[in-house]
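A.B. asks: Sequence:
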Amino acid sequence: MRTRASVTIRLPSSVHRPVASTTTPSIESASARANHILEPYHVLQGRPMPSSARPVRVRIAPSPTGDPHVGTAYIALFNYVFAKKQGGTFVLRIEDTDQSRARGDSEQMIYDALHWTGLSWDEGPDVGGPFGPYRQSERAQHYKDHVGILLAKGEAYRCFCTAERLAKVRIQQQAEKKNPGYDRHCRDADPAEGARRASEGEAHVVRMKVPLSGDIVVKDELRGPVTISSEQLDDQVLLKSDGLPTYHLANVVDDHLMEITHVIRAEEWISSTPKHVLLYQAFGWEPPLFFHMPLLRNSDKSKISKRKNPVSINYYRDIGILPQAMLNFLGLMGWSFGDDKEKFTLAEMIDAFAWEKVSLGGPVFNLEKLTWLNEKYIHDLDYSQLADTVMGWRLNKDYLVKVLPLVRERIKKLDELVPAIEYFFSGDLDYTAVLADMKVPDVAGKDVGKALLELVEKLEAKEGFAAPMIEEVSRQWVEATGWKSKNAFMLLRLAVTGRKASPPLFETMSVLGKEITRRRLRSAAELLGKAG
RNA sequence: GGCCCCAUCGUCUAGCGGUUAGGACGCCGGCCUCUCACGUCGGUAACAGGGGUUCAAGUCCCCUUGGGGUCACCA
46 MRTRASVTIR LPSSVHRPVA STTTPSIESA SARANHILEP YHVLQGRPMP
96 SSARPVRVRI APSPTGDPHV GTAYIALFNY VFAKKQGGTF VLRIEDTDQS
146 RARGDSEQMI YDALHWTGLS WDEGPDVGGP FGPYRQSERA QHYKDHVGIL
196 LAKGEAYRCF CTAERLAKVR IQQQAEKKNP GYDRHCRDAD PAEGARRASE
246 GEAHVVRMKV PLSGDIVVKD ELRGPVTISS EQLDDQVLLK SDGLPTYHLA
296 NVVDDHLMEI THVIRAEEWI SSTPKHVLLY QAFGWEPPLF FHMPLLRNSD
346 KSKISKRKNP VSINYYRDIG ILPQAMLNFL GLMGWSFGDD KEKFTLAEMI
396 DAFAWEKVSL GGPVFNLEKL TWLNEKYIHD LDYSQLADTV MGWRLNKDYL
446 VKVLPLVRER IKKLDELVPA IEYFFSGDLD YTAVLADMKV PDVAGKDVGK
496 ALLELVEKLE AKEGFAAPMI EEVSRQWVEA TGWKSKNAFM LLRLAVTGRK
546 ASPPLFETMS VLGKEITRRR LRSAAELLGK AG
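Using our numbering, the final residue of the first sequence is 577, and nothing's skipped along the way.
Treat the hints as calculated values from the structure; they're not laboratory data.
A couple of the hints might just be wrong.
Unchecked claim - Taking lysine-lysine pairs in the DSS-like style, the calculated list, with each CA pair at most 25 Å apart, reads:
1) K130 <-> K386
2) K559 <-> K531
3) K495 <-> K531
4) K545 <-> K458
5) K402 <-> K130
Note that this is a predicted model, so its numbers are computed, not measured.
Given only the sequences and the hints, what does the whole structure look like? Please build it.
C.D. replies: This is how it looks when you write it as structure tokens:
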């Protein structure tokens, strides 16, 4: 069982699923042996200690580039549950190596959103731990050192190709209908020469030297072996010209250094896993076990996306989904409890968890079923608990203090308050009464809808959701549309409040929050698009 | 398009060679009831197609079809 098999053992897939169970580490490490390259790269030299002795460590590695994603919570749940089941450790690592896409408010939102779901992590940037730092931007030296190792071993090389040259190559390849990919122009250049140019400060990247031929076999614990020809891979960039690593390098180096034993991530990563396996090979490290969960889907089965589905965890929080319901629902996606049980707690899920119960078809994220589950959880609460829950949500002083400045001048008696602020507590609005007014003179509804969507995109690109920012973006948008601002802002007012009269628009949007506002704008856009 | 993954009701799923193919959401209807909702009872609805293997296939194999993912100095 400890033999370093140099031939891939192909088992019928039916035998793989049992192997993938919440098995003992020794069996798992046996299946890890299947992760290797065939001729001529099958020589598995000097693997470190067998993983049977290694305690289970898993991680979630979100990138702080936007709003906290429901897919992050989904994958976090499975990592968490597996870790708890195994008595292992759950690590949160922030993958912020893309300085151009980084968003300042995003990291904190990830913490907040994950905490809201009820999931917690044992190690992470905010809580520390023995394998820190847990923020990749603070680990640059690790990556540089490891790239140095690869360079020295001849497993990587410096590439001085310009973006322009790369673009030209790409166009050429398209014209010849060849697979796009780096043409390996710098691959066989003299390394010493490369080192010299680099030391003179010449901009360059470091690329992985992918074997020119042979198959790479990746063992996915949920599917069995996946074979990919190395001809499908190009010489992936490992270190960008800004000195920071790409995902591929960073994730391999960090998973190794952080002693991650099981990589549980989304299916979209399957096709780049061969690169990762190659990197483990190049370093002489034992790879972790890979589990690729199916992707959450829109109702049209495409990968879940914000254009077609609310995708921010904060949206679900703001419309009053209970965190227990959210977790329970995510647990129903691609996994089943057994015994027809659909409502279960986190603790019950941990207890019942097994990889065999994962189904591989991509589950459609169905808001109706989530809502049904949520109803069940609400009904479970006694009145005191429900009161607390509702107050913890939006029926509280903090929120009221934000709403009141917008309505105080508009009420004469207290009994007018609740009717006046109803839409500050609603999710979706009913536009039937105002639909006739939701239009811009001489502009087709379809085009009005499109313009609205453009505004949503512009708002999404910004950090935070403060009124001045909204006003600035909205005014620029109005100008771009060429519409009369009177018409444009009435349109927004109707979309956001469902009423022709409301407090100042931008403040209202800000108080409502980004998620509810975005949703209403999108709903209105869709409605107008349909109306033609 | 190349490569890879996937495939049971509209949706989430159970099924791991022999089942009247089960449950749940949604939808429809009955009951409960001052209304509505809840609850409850019932109904609607699926093995993508074609070849094999087998006494026997939703279950195993192959092909087709369909869907998805991926092909960046993004993760």
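A.B. asks: Please write out, lowest number first, the hints stated earlier that are contradicted by the structure.
C.D. replies: Hint check: nothing fails, all pass.
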